[in-house]
Every structure is written in C-alpha cells, then in structure tokens.
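Residue numbers (numbering that gives the first Met the number 0), protein chains in the order written: chain A, 0 to 380; chain B, 0 to 81.
Treat the hints as calculated values from the structure; they're not laboratory data.
Note that the structure is a prediction, hence the values are computed from the model and not measured.
Hints are supplied without guarantee of correctness; some may be wrong.
Going by beta-carbon spacing under 10 Å, a handful of chain B positions derived as facing chain A [as the list claims (entries may be wrong)]:
#	residue
1	LEU23
2	LEU34
3	LEU36
4	VAL57
5	VAL65
6	ALA67
7	LEU75
Restraint-style ranges between C-beta atoms, simulated for each label pair [to be verified]:
#	chain 1	residue 1	chain 2	residue 2	range
8	B	VAL77	A	LEU289	31 to 37 Å
9	A	GLY121	B	TYR71	29 to 35 Å
10	B	TYR74	A	GLU71	34 to 40 Å
Not everything, but these chain A residues come out facing chain B in the computed CB check (under 8 Å) [unchecked claim]:
#	residue
11	LEU129
12	SER131
13	VAL133
14	ILE143
15	ALA163
16	ARG167
17	GLY168
18	SER259
19	PRO313
20	VAL317
21	SER353
Just so it is clear, CB atoms sit at the ideal spot from N, CA and C, and this is done for glycine as well.
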Amino acid sequence: MHNDLVIVVVVVTALAFDFTNGFHDTGNAMATSIATGALGPRTAVAISGLLNLVGAFLSLSVAATIASGLVETKVVTPTVVFAGLTGAIIWNLATWYLGIPSSSSHALIGGVVGATLAAAGGSAVKWQGLASKVVIPAALSPAIAGLIAVTGTYLVYRISRNVADGIRGPGFRLAQIGSASMVSLAHGTNDAQKTMGIITMALIANGSLPAAASAPFWVILSAGLAISAGTYLGGWRVIRTLGKGLVEIESPQGMAAESSSAAVILLSSHFGYSLSTTQVATGSILGSGLARKGAEVRWRVAGRMATAWLVTLPAAAVVGAGSYALASAVGGTPGVLVDLALLMLAAGFIYARSRQTKVSAKNVNADWTGGVAPAAAVAGV
Amino acid sequence: MSSWINLTAIWQIVVVGLLAGAGLPALVATGLYALSLAGKGQVPASGSGTGRVAGVAVAALCFATVLAAIGYGIYLIVSSSH
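Could you put the whole structure together from the sequences, leaning on the hints where they help?
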C-alpha cells in the first residue's frame, strides 16, 4: 500500500519533469522561427507541441535505457528515482527562470546520479559510462552542430545572394517552418523517451513490472502528452534568449541552424550516440550567427549558457542527493511526501518570481537589452 | 580510447550530418535561385522560354530531393525502432 502511494508520486513527478522538459526545450525548435517572424509565437508552439506528441510515438527504441549505463540499476529504488527527479525539476525551473537553455537530460541524469550517490555511495555510479555517454558528448554536441550550421549558412548565403527578394523571403520562411518542424519531431523522438524510461525504471524497481519490460502504452501516451503540453505552454524566457539574445537571426540562418539541429539529433539517436538536444540547437544557432557576415553574436550570452552547462550535472546532483538524504532521514512514505511538499514550494516560489518579469508570446520578440526580461517588463514591476 | 569516445559514431554523424544538415539547406537555396532565374528570365543565351522551363525544372528537382531526403529520414527513425 505504501509502495503504491510512492510509485504514484514518482509517476506524477516524472510527468511533471517531462512537462518542464517540454517548455524548457520549445525554443530549441521554434526560437528562430519566432524571432524571424516566419511563424507567430502561438502557432509555433502549437505546431511544436503536436509534433512532439507524434515524435513520442514514432521511436520507442531507447525507452528503458536512460540510466542503465550510468548507475547500478539494482540500487535504484522508487525513492532514488523520485529524489533524482526533484533535482532535475528544480534545476530546469531555475534555468528557465534565468532564460538559459540548459540540457534537460543532463538535469535528469545529474539528479539520478546524485540520488544514487547519496543512497549507495560512489561505487554505484558507473563513472566511465557517465564520462563517455554524457560528459564527452556534451562537449562535442555544440561543436559538431556548429560546424554543420556554419557550413550550411555559408552555402545558403553564397548560393542565394542573387535571388530576387520576392522569392527569397517567402521561400526561406517556408523552408524554415519545415526545418523547425523536423527539430520538434526529433525532439519528441528523443526527449519523451527519457521520461518513459524513468517511469518504466521506477515501475520495475517497485516490482510493478517484470525486469526486462518495455514501456507500457499508458506510459508512452502520458509521457507524450506531458511533453507536448509543456511545449505548447511555451518556455518564452528560453525562446527569447535563443531567438533574440544569442545572435541576430534571419530566415536563411534559421533554416540552416534548424536543419543542422534536426540532422544531428536524428543521426545521433540513429547511431546510438546521445547528444543533448539543447546543446545541439544552441551550437547550431551560434554557428549560423558566425557564418553570416554582419550578424552579431553575443558571446556574453553564450558564455552564460556554457557556464550553466558545466554546472547542470553537479547542481542537479546536489539537489538530488539532498533530496534523497532528507527523504531517507524522515523515512519511508512520509519522507517522500516531505520532499514532494518542498519541491512544490520551490516550484511555486520560482513561478511567482517569474511573474514579476513576465516573458510571454506578446513580448518574446522585444529588443534584446542585455537580459531575458524585456525592458518594459522590468520597468513595469 | 574507443571506450571513452565512440569515434565511429561521431565520424558518421559529422559526415552524414554535413550532407543532410548543410547539403539540404544548400539545395533549398539552389532551388530558390533557379526559381528566381526562371521568374526574372535572366538566363542568358538560351531563349527566355527555355530558360524559364529549365529554371522551374531545376527548382522542382531540388525541392523534390529535399522532401525525399526528409521522408527517408523519418522512415529510418520509424523502421529502426519497431
């Protein structure tokens, strides 16, 4: 009975994480289309949400594997999974508040690794797996995506410099919508899987599913719906940083950046090498800014992102570990519920803070004045 | 080293990624350029009628290739997972 309550809490928390994953990452696909005006903000998030849902059903290959190469699965209990999720959610909300596109997968992995460390010590973490599957790909993702986006942007501008304006504008805007849709689809195939994997892992740890089970249909459906709903909500703060803050962007650049992102994300899952969606998208946008003459690249913004990326794993791990320590100090089901209450308090606090400098579909494209909050929103406090 | 960095996968991602991620946008640009030539009738030497037809044909070829590549990519994702 107790276990049942805990597993329900874990599943709901995992879906909540999936939801934050959705709105945190809307910008990866749609930020440049919104910034160039190829799509209206509301239309963009609706398309992206729908395609994330479709993507969640398209590819189901890696559903149960997210943590298996990173921690000893036999020490993973539903409480460990829950503590890991709290770390991931808090980090996702904090970076969203700051408008920083950080990796949701890193937050999730960091949280679970931290909770595992607190539960079973360093020997339960597969450090080499962590380095080869997470840390090294994280360094490579933006570089590979950036290289492809630089090449694509250069070629596109070179080839199209004599194209008549009447064809150039609408043509590239249409192509940009297509490429952004591909990124949304790729995101659904990749990121919804992580939550499916986490829920499945918790169900297996609880004995609700046999050891080698794949994700049941209700898990696939609810994970797909959660990420899709989150995407539709629109993480306007992150969208703003990616679309307006990082580089000045035009439609041809946006198309090149998104083509690079979509290709790299899909290829990396095809070849079984997990690159972070967010880092790929950021690298692509940066690359598209480097390759167009006269496009301003704001290195301060890029630097802030890179710092956040370095901190993501350890920060989520610290929260995950603390969360586990607290849950086990209180003990049993009450421990998990105490954690849950704290998580809801923290989430409520961050949300309340974000309302003070609100970024929404209305002001997402306001001129960049050095921070994620548009000048008018700050003045309006 | 190979247990730390999956060089084979990276190499494949970079090469195929360049073809798809940079090549397809370049094809779109080429298609738009061809359309532009056709629309403006700027093709030299060949009569403007022939130039227009050739431009539209090249553009159609470019866009069809792009769509086919995207379709193939989606097919690969779906087929590799079931």
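Evaluation of the provided hints:
1. LEU23: holds, 6 Å
2. LEU34: holds, 5 Å
3. LEU36: Result: holds, 9 Å to nearest chain A Cβ.
4. VAL57: This hint is violated: B:VAL57 lies away from chain A, its Cβ roughly 12 Å from the closest one there, beyond 10 Å.
5. VAL65: holds, 8 Å
6. ALA67: violated, 13 Å
7. LEU75: holds, 6 Å
8. B:VAL77 <-> A:LEU289: 31 to 37 Å: holds, 34 Å
9. A:GLY121 <-> B:TYR71: 29 to 35 Å: violated, 45 Å
10. B:TYR74 <-> A:GLU71: 34 to 40 Å: Holds: the Cβ-Cβ distance is about 37 Å, inside 34 to 40 Å.
11. LEU129: violated, 11 Å
12. SER131: This hint holds: A:SER131 lies near chain B, its Cβ roughly 5 Å from the closest one there, short of 8 Å.
13. VAL133: Where the cut-off is 8 Å and the nearest Cβ of chain B is about 12 Å from A:VAL133, the hint is violated.
14. ILE143: Constraint on A:ILE143 satisfied, holds at 6 Å.
15. ALA163: For A:ALA163, the interface hint holds, since the closest Cβ of chain B sits about 5 Å away, which is under 8 Å.
16. ARG167: This hint holds: A:ARG167 lies near chain B, its Cβ roughly 6 Å from the closest one there, short of 8 Å.
17. GLY168: violated, 10 Å
18. SER259: holds, 4 Å
19. PRO313: violated, 20 Å
20. VAL317: violated, 25 Å
21. SER353: violated, 34 Å
Hint compliance for this structure: hints 4, 6, 9, 11, 13, 17, 19, 20 and 21 are broken, all remaining hints hold.
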